[in-house]
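Construct the complete structure from the given sequences, taking the supplied hints into account.
Numbering-wise (numbering that gives the first Met the number 0), the sequence shown opens with residue 0 and increments by one.
In short, the hints are calculated from the structure, not lab data. Mixed in with the good hints, there may be bad ones.
Said to hold, decoys possible - Distance ranges between label pairs, derived from CB positions:
{"no.": "1", "residue 1": "Asp88", "residue 2": "Gly58", "range": "17 to 23 Å"}
{"no.": "2", "residue 1": "Ser125", "residue 2": "Leu89", "range": "29 to 35 Å"}
{"no.": "3", "residue 1": "Tyr84", "residue 2": "Glu133", "range": "27 to 33 Å"}
{"no.": "4", "residue 1": "Gly126", "residue 2": "Ser54", "range": "21 to 27 Å"}
Quick reminder that beta carbons are idealized off the backbone N, C-alpha and C, glycines included.
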Amino acid sequence: MTPDGPAPGDEPGSVTGPRTGLGLGPDPDAGPGRAAGSGPHPDDFVSRVIAVVESIPPGHVMTYGSVAAALGSRASRGVGQVMAYAGADLPWWRVIRASGHAPRDHEQRALEQYRVEGTPLLLSRSGTFRVDLERASYRP
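So this is what it looks like as structure tokens:
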């Protein structure tokens, strides 16, 4: 590569930015004059999911499906994929399954956060819990 040559990732058809590694492919909203991978697009799915999750106030939750619906989408699995890859820096415990259960394999860490934030919970006799969706659901 010469100093005047393209930078890594500038090759035609390359995908860079927040979508890389998320398995979400090129930015379908790139549009004319905006190459896929030329930086985060304000309307790309990942950025929009992150914005919705960051807007959920303490003590409230949204389901994966309700996050997708807030974006005008039905891609709840896509929301789950974004949370799996980008969720560590987000209030991930506020995005839950439709049953009211915390994200799988993170129940105990989520429970700690729910207690700190005063999130309404429903406890079973067996000691399991789920979020009281009727009282804790957030609608942006």
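Hints, verified against the model:
no.: 1; hint: Asp88 to Gly58: 17 to 23 Å; verdict: holds, 20 Å
no.: 2; hint: Ser125 to Leu89: 29 to 35 Å; verdict: holds, 30 Å
no.: 3; hint: Tyr84 to Glu133: 27 to 33 Å; verdict: holds, 30 Å
no.: 4; hint: Gly126 to Ser54: 21 to 27 Å; verdict: violated, 32 Å
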